[in-house]
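Taken in sequence, the protein lines are chains C, X, R and H.
Taken in order, the first sequence gives residues 235 to 420; the numbers are from this note's numbering.
Taken in order, the second sequence gives residues 235 to 420; the numbers are from this note's numbering.
Taken in order, the third sequence gives residues 235 to 420; the numbers are from this note's numbering.
Taken in order, the fourth sequence gives residues 235 to 420; the numbers are from this note's numbering.
Hints were generated in silico from the structure; no laboratory data involved.
Any given hint might turn out to be false.
Same chains, same label: a pair holds when it works inside one copy or across any pair of copies.
[To be verified] Straight-line alpha carbon distances no greater than 25 Å define the calculated SDA-like cross-link-like pairs of lysine to any residue that follow: (1) 301 <-> 314; (2) 362 <-> 283; (3) 411 <-> 258; (4) 301 <-> 262; (5) 237 <-> 329; (6) 277 <-> 417; (7) 411 <-> 278; (8) 237 <-> 363; (9) 301 <-> 283.
If you're wondering where the values come from, they're calculated on a predicted model, not measured in any experiment.
4 protein chains.
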Amino acid sequence: MNKILVLFDSATGHTAAMAALVAEGARRIADTDVRLRTVDEAKAADVLWCDGLAVGSPTNMGLLSWKMKRFWDVEMMEHWAEIDGKIACAFSSAARWGGGMEIACQSMLTVLMNFGFLVFGVTDFVSKRLTLHYGAAAALAPREDDAQAACRLLGQRLAEWCAVFIHGRMAEHPGNKASARNLPQA
Amino acid sequence: MNKILVLFDSATGHTAAMAALVAEGARRIADTDVRLRTVDEAKAADVLWCDGLAVGSPTNMGLLSWKMKRFWDVEMMEHWAEIDGKIACAFSSAARWGGGMEIACQSMLTVLMNFGFLVFGVTDFVSKRLTLHYGAAAALAPREDDAQAACRLLGQRLAEWCAVFIHGRMAEHPGNKASARNLPQA
Amino acid sequence: MNKILVLFDSATGHTAAMAALVAEGARRIADTDVRLRTVDEAKAADVLWCDGLAVGSPTNMGLLSWKMKRFWDVEMMEHWAEIDGKIACAFSSAARWGGGMEIACQSMLTVLMNFGFLVFGVTDFVSKRLTLHYGAAAALAPREDDAQAACRLLGQRLAEWCAVFIHGRMAEHPGNKASARNLPQA
Amino acid sequence: MNKILVLFDSATGHTAAMAALVAEGARRIADTDVRLRTVDEAKAADVLWCDGLAVGSPTNMGLLSWKMKRFWDVEMMEHWAEIDGKIACAFSSAARWGGGMEIACQSMLTVLMNFGFLVFGVTDFVSKRLTLHYGAAAALAPREDDAQAACRLLGQRLAEWCAVFIHGRMAEHPGNKASARNLPQA
Chain C
235 MNKILVLFDS
245 ATGHTAAMAA
255 LVAEGARRIA
265 DTDVRLRTVD
275 EAKAADVLWC
285 DGLAVGSPTN
295 MGLLSWKMKR
305 FWDVEMMEHW
315 AEIDGKIACA
325 FSSAARWGGG
335 MEIACQSMLT
345 VLMNFGFLVF
355 GVTDFVSKRL
365 TLHYGAAAAL
375 APREDDAQAA
385 CRLLGQRLAE
395 WCAVFIHGRM
405 AEHPGNKASA
415 RNLPQA
Chain X
235 MNKILVLFDS
245 ATGHTAAMAA
255 LVAEGARRIA
265 DTDVRLRTVD
275 EAKAADVLWC
285 DGLAVGSPTN
295 MGLLSWKMKR
305 FWDVEMMEHW
315 AEIDGKIACA
325 FSSAARWGGG
335 MEIACQSMLT
345 VLMNFGFLVF
355 GVTDFVSKRL
365 TLHYGAAAAL
375 APREDDAQAA
385 CRLLGQRLAE
395 WCAVFIHGRM
405 AEHPGNKASA
415 RNLPQA
Chain R
235 MNKILVLFDS
245 ATGHTAAMAA
255 LVAEGARRIA
265 DTDVRLRTVD
275 EAKAADVLWC
285 DGLAVGSPTN
295 MGLLSWKMKR
305 FWDVEMMEHW
315 AEIDGKIACA
325 FSSAARWGGG
335 MEIACQSMLT
345 VLMNFGFLVF
355 GVTDFVSKRL
365 TLHYGAAAAL
375 APREDDAQAA
385 CRLLGQRLAE
395 WCAVFIHGRM
405 AEHPGNKASA
415 RNLPQA
Chain H
235 MNKILVLFDS
245 ATGHTAAMAA
255 LVAEGARRIA
265 DTDVRLRTVD
275 EAKAADVLWC
285 DGLAVGSPTN
295 MGLLSWKMKR
305 FWDVEMMEHW
315 AEIDGKIACA
325 FSSAARWGGG
335 MEIACQSMLT
345 VLMNFGFLVF
355 GVTDFVSKRL
365 TLHYGAAAAL
375 APREDDAQAA
385 CRLLGQRLAE
395 WCAVFIHGRM
405 AEHPGNKASA
415 RNLPQA
């Protein structure tokens with residue numbers, strides 16, 4: 235089984251709504267087991283278990299929340315350098331566009347790289363308005379169709395990369411699904 | 235006179251449209267002289283001249299464009315460490331929200347910090363949808379009212395900080411204009 | 235009086251040693267009052283009080299510590315958008331060079347920009363081995379002469395910019411002290 | 235065959251020296267074909283060819299050089315969204331510690347993520363003084379043993395991840411080589 239953890243913090247419910255959609259997207263890939271955990275309930279064992287990890291946080295002052303940071307500083311500390319080679323990505327909700335969601339995603343990717351994860355963004359567009367090149371970003375809750383599509387696609391891509399790279403399921407490589415992708419016109 | 239340089243690169247005209255609005259916003263502050271220069275026409279002398287600088291670039295692969303980078307690597311190289319203490323900010327247009335405009339602004343701020351500039355973002359919101367905490371960001375051209383307002387406010391704030399910090403005009407401090415600002419409700 | 239706050243978190247004492255040196259550097263500038271506060275004892279009132287702020291944290295997983303993040307997320311939250319226009323910089327100690335101290339400094343500058351601070355790095359070199367372009371960085375404790383010099387210079391530059399920009403003391407502008415600076419040879 | 239491209243820009247020869255060491259490290263892994271290319275001679279075909287890519291640049295004003303940026307903006311532009319799922323890392327030489335090498339590595343990783351690469355750093359230490367958590371960093375040329383070791387380890391890890399994830403050679407997983415790794419003591 236392809237094992238995906240969606241780990242998130244949420245104060246207002248916006249990032250929680252994103253997390254549920256990311257989990258839904260991961261489940262699109264066959265034989266994928268998805269755990270959805272808040273930062274308050276997650277344990278190191280959840281991270282150890284997974285092949286791939288999507289980390290979500292509200293954008294707080296341009297970075298991940300202090301509670302999500304504490305999880306990695308404290309709960310995961312003793313497992314540092316034991317979990318190299320998992321695959322990871324990020325998502326974040328800020329109050330407004332331009333409010334720091336991209337930079338907050340980048341801060342989560344920094345933490346994940348520090349722990350030895352291989353991290354990625356998604357090249358695909360989800361609409362004429364939205365993409366997720368450095369992770370899925372939302373202004374407030376993901377209410378619009380494209381904001382929801384971005385979250386689902388992030389989870390799907392995470393499950394695809396884990397299927398391809400960790401389980402050798404080459405049919406799941408996005409390069410083999412070009413017709414289904416929303417890419418810029420040649 | 236308060237001297238503001240708006241320096242930009244633009245391939246599609248989107249960042250050029252932002253630059254014109256940034257310049258317009260800077261002119262809101264009395265006794266402010268504004269120069270608007272493309273990266274192809276700008277000279278080191280323009281940077282040496284200014285008190286404050288707004289740098290704009292299309293978001294290309296998540297960072298400033300190679301032409302804007304070349305300006306600082308080549309044209310400005312010999313003036314490195316001679317221009318400390320100016321004030322600066324950034325703006326960028328990407329093809330989509332989530333497409334890297336915040337990270338591209340941050341890349342310009344990195345270059346500017348390297349040259350000794352003091353850099354800033356803007357706390358104010360411009361609408362229920364948009365802010366400019368790390369610089370003004372737009373998806374494609376700044377067509378919507380709030381996207382235009384963000385550009386103008388960036389230029390205005392730059393001119394305000396230069397008026398306050400370089401010319402001692404305390405009346406221009408944004409903290410003294412709270413009633414005119416779009417801030418979150420207490 | 236020029237009012238400087240040095241606010242830091244430290245687990246091993248390394249960042250605390252840096253903080254003491256930053257404070258010492260700030261005191262080089264006449265008529266400067268310096269407060270040195272740990273993240274556990276600091277209050278929002280300390281930040282409200284200062285003209286300029288140096289924030290220090292151990293590099294934890296490539297970013298500021300969760301405790302320093304909590305300070306800004308929780309303690310300072312209600313003062314967001316009330317403190318625009320102060321001047322700030324960052325410092326960090328990691329376990330090794332290449333261990334993330336620069337990126338951790340950048341994470342603190344992101345938080346500070348979000349709060350409306352103008353942030354800066356220092357162009358000057360402190361030795362053939364070390365500079366502080368994005369803040370003062372140390373590997374473990376600042377034991378070497380140049381590591382100590384970097385911390386002191388960060389504090390000095392912070393006090394200089396506050397003297398110049400907030401108190402109009404142009405004599406303190408680093409551009410007027412070129413003979414005393416360690417700059418690259420022309 | 236495991237196919238590794240080491241692509242670099244170098245003005246002073248420092249980054250070129252790093253690149254040669256990165257290539258040497260990649261060759262430690264059996265059945266690995268390594269191409270070493272300067273940014274002036276590299277073609278899009280080299281990037282299309284490789285399984286994994288190490289990108290190196292001098293730290294210029296805190297970011298990758300304009301020439302390396304131009305390679306991705308211009309030469310690679312038409313292949314954007316065609317090369318998702320390769321593996322990549324970064325290396326950079328600055329004039330001094332604290333001079334921006336970590337942030338320059340991060341700028342390269344941003345470009346690479348934009349193109350759909352999975353990017354990584356290395357958890358291992360190479361000495362009491364040096365690590366390469368966000369890529370290999372050097373102050374000037376990699377003259378010291380540990381600076382050379384960091385470059386070699388970066389290339390080795392890149393070849394290992396490609397062997398594991400792209401060619402299914404699980405024996406090359408660093409987690410299966412713990413006794414040979416320089417990790418913090420438990």
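For each hint, the structure was consulted:
no.	hint	in the structure
1	301 <-> 314	both (18 Å within a copy, 19 Å between copies)
2	362 <-> 283	neither (37 Å within a copy, 31 Å between copies)
3	411 <-> 258	within (19 Å within a copy, 36 Å between copies)
4	301 <-> 262	neither (30 Å within a copy, 38 Å between copies)
5	237 <-> 329	neither (31 Å within a copy, 33 Å between copies)
6	277 <-> 417	between (37 Å within a copy, 23 Å between copies)
7	411 <-> 278	between (34 Å within a copy, 23 Å between copies)
8	237 <-> 363	neither (31 Å within a copy, 36 Å between copies)
9	301 <-> 283	within (21 Å within a copy, 27 Å between copies)
Checked against the numbered hints given earlier, the structure breaks hints 2, 4, 5, 8 and satisfies all the rest.
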